[in-house]
Every structure is written in structure tokens, then in C-alpha cells.
Amino acid sequence: MNVPLSWLSDYVKLPKDTKSLTDKLTAIGHMLDKTKGDVIDLELRGNRPDLLGLIGVAREVATVFNQKLKLPEIKKLPKTDIKCPFVKVDKAASNMVYRYTAFSLKVEVGPSPDWMIKRLASWGVPTINNVVDITNYVMIETGQPMHAFDLDKLKGKRLSLRPAKDGEPFSTIQQGQTVVLTSKDLAICDDEKVQCLTLIGGLESKVTNNTTEIALEAATYNQANCRRSSRRLKIMTDGSVRHEKHQHPAQVIPALERAYYLLQKYASAKSTSLLSDFYPKPLKPKSILFKPSEVKRLGGIEVPINTIIKILNSLEFKVAKSGLNLKITPPAFRTDIEESADIVEEILRIYGYDQIPSIPLSGVSPQPMTYPTFKIQETLRDHMTKLGFDEVITLSMINNKLAQQFGCDKDAINLINPPDPNISTLRTSLIPGLSEYAKKMLNQNNLDIKLFEVGKVFNKHDTKYSETIKLGFIATGDILYIKGVADTLAKLLGIININPLISQLDPKLAFTLNIKTPLFFVEINVDELLNNLPAFVNHYAIQSIYPPIIEDININLSGSYEELVNKIKSVSPLIKNIEFIEKYGDKLTLRITYHDKNKQLSNEDIASFREILVDPDFHKS
Amino acid sequence: MKNKLINIKNEALAMIMGASDTSELERLRINYLGKNGSLTQIAKDFKDLSSEEKADIGRIFSEAKSAIENALDEIKFNTRKVSENIDQTLPGKPVRVGLMHPISAVAREMNDIFRYLGFSVADGPEIEDDEFNYNRLNLPKDHPARDLQDSLYIKEPDILLRTHTSSLEAHILATHKPPFRFVFPGKSYRYENVSASNHMIFFQYEGIAVGENITMANLKSTLETFIHMFFGPERKSRFRCKYYPQVEPGVGVDIDCQFCQQKGCSVCKNRGWVEMLGAGMIHPNMFRMVGIDPAKYSGFAWGMGLDRITMSRYKLNDIRALFNGNLEYKI
Ligand SMILES: [Zn+2]
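As they're listed, the protein sequences go chains A and B.
So for the first sequence, this note's numbering puts the first residue at 321; every next one is plus one.
So for the second sequence, this note's numbering puts the first residue at 5; every next one is plus one.
Okay, chain A solo, but in the shape it has when bound:
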């Protein structure tokens, strides 16, 4: 929000030093975006429509610098005609508009006074004529948008509000721009057609130098509906930005009163009708019962009760004592104030967040309860980096063609609105992404690749969606190397079988992907791993003082290696370790470690077992 300081100073005395002004505004919730000469630009705050008007800003300045707010001059509006002849609202549109207030005036259209033209320019609005300029000027002052129609251009000289018809065209006040409306847009019409929208006026009934009589309106619409209209029609105006915010309908009247004053003074205006005020459900002011102790309970600081009342009063909150509590009625324009916690913020931001002390959390600190699903990921990061692998993060959504090539498209979930339509498949495996990553590294001449990723994969089962944590790793080298990594990882985790999916990147696929170096990968379901994870793993033991007997044997392999190892182990409990040395045809060389904790083994102790193992038919037994 642009705030021209010389204009602001109409409503409040400003400190001499702009920096102390902007620092203070920043501290109380209106951060300075930038300063451009006399104009400061404050960041908009989503819940404070009152700050979209300079008077709202002035009120905050007056509060923090202990000054008086000077409200501008106004003129009382004509009496209200309870029949509301000038404004009719269709039942179908009653959810779209909360208040619509209008009356007609004779005016003399001409140029605006120089000071007004300059002020509007400093804010960023070009001058049109005195009538249009005054509606803009008042919007900037109060935050309440308003619109003036050329009354003679309105067929039937009255306004009716209804949902637009689907496909109904409308020419906006911006020359040449025609938009097509839908039944979700509110149309403000004369007896014949749409003359105005919530967010912009119409070309046909705009006020020109030939205008002699106007209809002046100010309204409060359904904010969400305005927002959707603005997105749908791709029109954003200073008015639409304000109508999207939670404005209070009570704001309509002071804004019209201010405009009436200025129109009278600078456009010789005279009202020609009573006020038509469509406002079927007037909002009553609501009050909040407030315990002053809440300031300490939430803020951690004691603020004296008199200071509390003074701060709230200066923000125009009405405060009445009610026993030990306060009954607080916020002003209508503070639509953000709903409950006690909001009032605590009001008090503290003015009292100063910098006054709040710094006190460590106290009491018994809660028992550590880091989620196992997080802990295991950290453990895997530790183990994999120990094993020499670099961690990478790849995108959760992958190229659709890549997903297809890896066969990862079957149970895959697709994004409905991907920014890039080619990248819309949520990964069901980490491998496609890791392969792409590895390919990029190979192309950069990194030929020794060891990468891993821990992350979610996503699947669809009928209409159910699921996500699973997976560990994937990929490396150059050979398949027994990557299997060895998986084996060591299993040992580190203390799990006998981590159920890895071990594979070589299919050469045909590698060729298609233009990957020339063989890549080997492993993928492990971490959620399953978690179910088998022992609470404790012991990687340590004291070495026996009796040395082992280690010897190599040659043995025939039939069946799996694992079966053979189990068979050898069953020969004697003295066989403590079996190490694979090499394989030649069907013959294996294995290194057998015999060991006894309690005595020094002699050749005789193991002779009988050795005999069994070297029997050429051992593998058949």
C-alpha cells in the first residue's frame, strides 16, 4: 500500500524522521517494503482491510506516537428511503452482496483541483475528472471503493443486482476491453443490461464531461465471490483488491459522507434523491469478554491494566470493566478481531514485541519421541555415507515416458495440474530418478558413481493412495559390489535379510536412455525394514585369547551358496566363519575359520571335520 507522507499528515502529526516512522510501523505489523521519496510502500496485511485506506494507517501512527487522529470533513447523507427504490437485489444474488447503498446527485463535471491531481498522482492514479477523481480519492482515504454512474445513461434510472447470465458480454471502463461473464459473477444492471461489476465500472455509463447527474454507490460484497470473479475474468483493480478483503458494511456510510462533502465542494453537487440502502442483515457490534491475565499467559509479560485500556482506546476499541474482566467492543472496521487472542496481539504489538523477555521453556521437557520413520531415514543416511555413497534428492514427479520405460506407470498417481504436462507421474520407485541423475554425472565424466536417496514413493490402489519410504542406491562397478553394499548395510542395521531388490539397469533400457556405463542398483522398502529393525545391535565382542585355525578348502557347489554355507556350518559348532574366496566353474574356494573360545585348537581337533568337508561328495550329502 502506497502511503504518500504529506497526504498522511492531513490526518496525523508525523515524526520528523521517516525511518523512526517506518521502523515503528514495521514493528507493529506493517512492514516497510520500500521508500520512494515522499511515498512509503507498506506490505499489505491479509487480515486488515482498514489499512487499505490512509486513515487506517494514520490511526496506527496516532496510536504508536501518541498523537490525535484528525478525521476529514464530511457531509451527512440524505435520509434513507425505506422502500429502497433505487436499488433492487435479485434473490439469487442475495449471497453475493451484503450492502449496496446509493443515491443520485446533480453535479458539474470539470477538472479536479491541482492539489488533488498531485495527490492522486503520488499514489499512482491518473486524473479523469473531478467526480471520478473524488471516488478514487475517497477510496484511498477510507479503503472503501465506490463508483459513480452517469444517471442519464442508466435505462430506467435505477440499479438492479443479479447473477450475470452465462456468456453475457460486458464492456469495461477500460476502452475496448470486453469480458464474458458467468452466472457466478455479480452483475449490476440498469433496466436493459449490465452496467457495472463488483470489480470494475462499465464503459457505457461512465462519467464524462457531458454528465450532469450521477448515481453514487458504495457497497460490501461477498469477498470470496469477488476474488473468484477477479481470478476468472483476470481483472485486478484497486477496487477489486479492497472488495476481496473482509470489509465491514458499516464502512459504506462514512465513505459516502466523505465523497458527498468533496463532491459538494469541488463539483457543486446537490442530492436529487433519498438514500437507497440495501442492507437486509445489519451486523451488530460484538463484544468480547477479556481476561487481562491472558496478556501474561500468552505474552509472557505483565502489562499494567491502565496501559491495556489506553492502548485499546487509542485503537478505538470500547472498553468497559466487568468485574475482574474487561468487556471490549472493537470498532466496526476491525473485522480481524474475533476473540481474546486477537486482543492480546493488539496490546502486545503496541506495547512492543521488543519488550517481551526471553525466557527458556521450563518444566519437565517432554520425553523424546522422535518418530521411528524419521529416525530410520537418518540411520540410513549415516550408513550409506559411511559406505561411501553421496546422498541426492530427485523430484517426486518424473517424466511420464521415463516412468513408462521403467515400468513404473502402472499403479502410479498422476498430477491433475502439473506445471509441465510431461512431468506428471508421481514416482513409484526411486530408480528412474537415480538413473537420470547418474546419467547426468556420467555425462560430466564422473565414472565412479555411488549415489543414494531416501524418500517417498507413491502408489494408487483403486481409489486409495499410499506412500512408502524407500531407500535406493545406484553405482557403477559390478553386481557383487552393490550386493556387498546391501549386505554390509544389513549387518549395520542388524537385519539378516533386508530384502533388497538388486538389479543391473537393463542394457536395452540403458541403450535407449543413452547410458553407456553399466549401472547397478538396489531398492529397499524402508517401512518394511522398520518392522524388522532390532532395538539393539551388538557389533562388538572380545577377541578370544586362543587363536583360530584358518584354512582354505575347495568344495563343489550345487544348489545355492546360502544352502552350502548352512550345510558347512552344521558340520561343527567350531566353524565360526566361512569366507568366499573365489569361484572356478562349479568349484569354490572357501576360507574356513575354526575357533574355540575355551582352548587352543589342534590339528587333531578339526581333522574329522576337515575330512567331511573335503569329501568330494560332501555337497550331495
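No lab work stands behind these hints: they were computed from the structure.
Glycine included, each C-beta is placed from N, C-alpha and C at the ideal position.
Do not rely on the hints blindly, as some may be mistaken.
[Unchecked claim] Here are the in silico distance ranges between beta carbons for each label pair: (1) B/Asn11 with A/Thr693: 24 to 32 angstroms; (2) A/Gly708 with B/Lys8: 36 to 44 angstroms; (3) A/Glu636 with B/Pro237: 38 to 46 angstroms.
[Claimed, not checked] Simulated crosslink set (DSS-like; lysine-lysine; CA at most 30 angstroms straight-line): (4) B/Lys181 with A/Lys695; (5) B/Lys240 with A/Lys647; (6) B/Lys300 with A/Lys606; (7) B/Lys334 with A/Lys803; (8) B/Lys300 with A/Lys356; (9) A/Lys616 with B/Lys181; (10) A/Lys721 with A/Lys759; (11) A/Lys907 with B/Lys159; (12) B/Lys240 with A/Lys339; (13) A/Lys630 with B/Lys8; (14) A/Lys907 with B/Lys58; (15) B/Lys159 with A/Lys554; (16) A/Lys780 with B/Lys58; (17) A/Lys630 with A/Lys339; (18) B/Lys240 with A/Lys896; (19) A/Lys485 with B/Lys145; (20) B/Lys334 with A/Lys730.
Let chain A serve as the given structure and place chain B with the ligand on it in line with the hints.
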């Protein structure tokens, strides 16, 4: 003959391991590999074997021989004086180690700090529904803040990829009884055309503490401690009022701009301060939705951009490089 060979090898290896000095090693070399050594002797009997046996035995022979040679060499190397023949000004042999991803590394640094402050680490789903991504975060339908969130949908209108890790805050509130303290680093998603500064994947780091008598003074201490431990004890921070739908009162925390020593520069938009994180006291509506009494319990929450902090910590100025293979691991 096969067994004999294996026995010779096993015996030789055991003897070599047990040797006490170099002269003994030399004796062993002669015993096994010398002209009259036992291996050399046995090789003389090969001529009587069939060609099939020859191949098999030959292989075992050469394996035994090289095993003995290797063992001898290894032992010799170990007993050699360090300075002998090695130019120690040469660089050491490179050792390959694995590194974590920078985002994981920063998250871990932060987790360690917050663990020290009594927090545990949580994680949760990345596919969310409207309820947990919005409603439970005090963002009912038609809330203007929803428009700022351009969601990636899986099924319209209510299944989407989480647009912030705050959805996890809603899960934590729903599943734990106060008091509790959690931090949660995590991946979030949004509709975004990818550029050097924006991505459809981004990482956040959030935290929450709930209990009795938790105040903004505790929030201040927690975050100040974090800032001093993470960024350095000399760093300054400021707390100002800021609006977020999930908190009331709301807080914005800024840190002093290091680029200009707070004199004002383009990085800090001449403010001297850089926006660091958003925080505040948990909004009573968030408590009510899960049946926690906001009059009895209070709590604070905060959130920050984990990827932004990672990028500035490691001086990585292109967010795409965090994910696309353009990241160099410098060990
Ligand atoms: Zn700076």
C-alpha cells in the same frame, strides 16, 4: 595332491603370520618358494597327471603360490621403516567418503540444536486432503490465504500434495497429548514453473511446542537460541508483529543483514534486516478443532524455508541444482 597343496598353503600362511623378524620371513620364503622349497618340489610331480587334473591342480597351485607371496610381501611392508623410499611431500591417496545432501545436512544441524532444547523430530504424509492441508490450519474454504497457495492436485477438489509442512502440525495436534515439542523438516509442493529461484518442490522446517504456560517469551528464547547456535552468537534478530492464519499473536523474525552490516543493500531491500521465519502463538481455533482447551493450554509454532537457508549456508544460488545433478560434492 590337491589336499597336500592346500595343506602347504595353510601351513605357510600360519607360519608367515607368526614370524617374528625379517630373517625368519626370508627363511620361510626359501622353505616354500625356493628352489628346493615344498611348493617347487610338488610342482615336479605335475608331469604324471592327466591333462584334466593338470588344469585343476595347476589352478590351485598358482593360487597357493600367490597367496604365500602376497602374505610375505604384506608382512615385509609392515616391518619396513616408514621413511624408507617414500617422499612424504607427495599428496596422500584420495579417500572416497559419502556426503549427505546439503538439505539433510542443514536439517540435521537444526535437529541437533532443537533436540538440545527438548524437541523431538516428526515426519508425515506428503499426500494430504483439504482437511489437513487447509481446514485444520485455520484456513477454511474461501479463506483469502488459500489463493496464495497454488496447489498440485491429485484428485480435485480435495486430494493434493501438501503445500506446506504445517499439515504435519495438524497431524501432531490431532495425535499427541500436551505437553509435547516437535520439529519437522520436510518436502512441500506447489504449482510453480521451475526457475533458478523457484521450484515446485521446496523444503520447510517447522516446529511446535504445546503445554501449559507456554508464552511468547519462551518462543523468543527458543528462536534466539537457535539463531545464535546456528548462525553465530554475534547475530542479531528482531521480533515484529506479523499475520499468519495459524497463529495469534503472530510474529515475524528477522536477522541482521550480513551483506551490508545493516547499512542497507539490495539483499535486504535497504531494511538492514532479512526476513528469517514466521512464528507465533498457536491460534485457539487450531486447538479447538482437535479438542485441546485453548484456555488451559498454549503453545507456539514457527516455520522457515529450509532450502533457502541451505542455499545461503552453502552459497548455492540455483535451487534447481539441489535436485538435478548439478551439485558438486567436494570430498
Ligand atoms: Zn543488507
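Evaluated hints:
1. B/Asn11 with A/Thr693: 24 to 32 angstroms: Given about 54 angstroms between the Cβ atoms, the range is violated.
2. A/Gly708 with B/Lys8: 36 to 44 angstroms: Hint holds: Cβ distance 42 angstroms, inside 36 to 44 angstroms.
3. A/Glu636 with B/Pro237: 38 to 46 angstroms: 43 angstroms, holds
4. B/Lys181 with A/Lys695: Status holds; Cα separation ~21 angstroms.
5. B/Lys240 with A/Lys647: 39 angstroms, violated
6. B/Lys300 with A/Lys606: 24 angstroms, holds
7. B/Lys334 with A/Lys803: 26 angstroms, holds
8. B/Lys300 with A/Lys356: 47 angstroms, violated
9. A/Lys616 with B/Lys181: 23 angstroms, holds
10. A/Lys721 with A/Lys759: Given pair A/Lys721, A/Lys759 holds - Cα atoms ~16 angstroms apart, limit 30 angstroms.
11. A/Lys907 with B/Lys159: Cα-Cα ~58 angstroms, so violated.
12. B/Lys240 with A/Lys339: Satisfied, since the Cα-Cα distance of roughly 19 angstroms is no more than 30 angstroms.
13. A/Lys630 with B/Lys8: 104 angstroms, violated
14. A/Lys907 with B/Lys58: This hinted pair holds, its Cα atoms lying about 15 angstroms apart.
15. B/Lys159 with A/Lys554: 25 angstroms, holds
16. A/Lys780 with B/Lys58: Given that 30 angstroms is the threshold and the Cα spacing comes to 61 angstroms, the pair is violated.
17. A/Lys630 with A/Lys339: 25 angstroms, holds
18. B/Lys240 with A/Lys896: At roughly 61 angstroms apart (the allowed maximum being 30 angstroms), A/Lys896 and B/Lys240 break the hint.
19. A/Lys485 with B/Lys145: Status holds; Cα separation ~25 angstroms.
20. B/Lys334 with A/Lys730: Violated - the C-alpha atoms of A/Lys730 and B/Lys334 are around 38 angstroms apart, more than 30 angstroms.
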